[in-house]
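Going down the list, the protein sequences come from chains A and B. Residue numbers for the first sequence follow our numbering, so the first one is 1102 and each next one is one higher. Residue numbers for the second sequence follow our numbering, so the first one is 20 and each next one is one higher.
Just so you know, the hints here were simulated from the structure itself, not pulled from any lab data. Even for Gly, the Cβ is constructed at its ideal location relative to N, Cα and C.
Covered by chain A, per the in silico footprint, the following chain B stretches (three or more residues, Cβ under 8 Å):
hint: 1; stretch: 64-72
hint: 2; stretch: 89-98
hint: 3; stretch: 109-123
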Amino acid sequence: MKKNWIVPLLTFSILIIGFEAGLTIFGISTFIFPKPSLILKSLVENWVWILSNLKITLFEALVGFSLSIILGVGLSLAYLIFPKLEQVIVPVAIAIRNVPFVAIAPILFITLGYGPLPKIIIVMVVSFFPIMVNLAAGFNSISQQQRERFYVWRATKWQLFKKLQLPSSIPYLVTGLEIAVSNIIIAAIVGELLGTTKGLGFVIIMSVSQYKFPLLMAAVLITTIVSIMLTWILNTTTKKIFKRWLVT
Amino acid sequence: MDQILELSDVSVAFNTRQVVQDINITLDNGQIAALIGPSGCGKTTLLRVVAGIIPRKIPATFRGSVSVLGKGIDDLKIGDLDMVFQEGSILQWRDAVSNVRLPLELNANGLSKKSPEELLRVTGLADFTHSFPRELSGGMKQRVNLASALITGPKLLLMDEPFANLDSLTKESMWQLVGKLIEEGFIKAALLVTHSIEEAVVLADTVHIMSSQPGTIVESMKVSLQRPRIDKNGLFIGGFGDVANEIRYVIRHGGLR
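Whenever a hint applies, use it, and build me the whole structure from the sequences.
Right, here's the structure in full:
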């Protein structure tokens, strides 16, 4: 376990030192790429402000993610129970998923205001889809043999679901959640970039307009770290909660 | 109830393709019947007809009549019959004993006279009660499968090439196990679908030899060898080879010598 950390840590250390040295030696302007030491300095100086904006972004991302779990699970259950609905739900979901939300965001802001709601909706649009399709694939992943075994026992639909389809679908659900969670911070920030005065997206917009590139990179750094951490937290918790169903 | 199973003039077609035609099989209590024949002769289809899967779950054109325990397929309950499939149908997230118990969790209240632990002991898995499928070999998994198919005390056991995926030595020990289960009354009557002539001769009282396209029974042969047909040293008993060869001849030439 410990060894797993050494190589990535070393890689990043070398990268950071390399950047610092390279940018210094070749005298590259902060406006092109700020030195890691300047980014760190800016991060420390603006820590409180970045943190308070991070909280807002995190709130939007997590609320959106939670709602998209409800939506994704709900929709896939809906067309598991009523198979005819699949032909209604899936095409609409694909359409929504593929609407360039950058383009419709201004409409969302006009109708829903500049608060967290439009960002939450953008997060949902991005993340409900992988949850829905993966879970549905999980429900369908049971083999014909297993289905026939349950039929021979004259199991009810509910028993088939509870004892076979639901447990079989858990690895698929976890995959869907992992895909979804990796995009929620980015989706929330894009929403903020398009219209807000709060959140990490706003920090990014502000620092660009004021040419504070070290601050911009600090915000990007925090965004990346938080996104990775969310994925990691989801990974470890689902592995713990669903341990029994994840082994093959 | 002496007669367990009766198929009369059963024909099944998928779309326009006739799979089996005019099949007549009867099976009495205490008897084991084997269906043997080339791939695609419809023997698995027949098994699924008895289980009620065809035409209830898999649409097909069906003619003829099937009665199990004197009842129509729609009147069957859990515990009337059960089915052993090929490897891979036990649930990965349940340990051996809980896999065996699964049918009882459905709607079999008070049906079983056997405990899951006892069935695991009989099938030679006493030390693996709480092992998960990933910790078990292919043969052990099929033992779990067998135990779980017997937990409801079915009056008819259907076996669909149950040992086809096992290596030949494991297969032979599975035959011995099934022989023991028949002897001790755990298996009361069974219909076995197989590709293996040896398997049919070791286990069956009657071997129905099928030809394909469409599947018909070309010959039904009684196997009157004494049981068990594998002796204490693990060898086939005398006369075994002759019976196997007779069956082999029918399969090759479409009729008796």
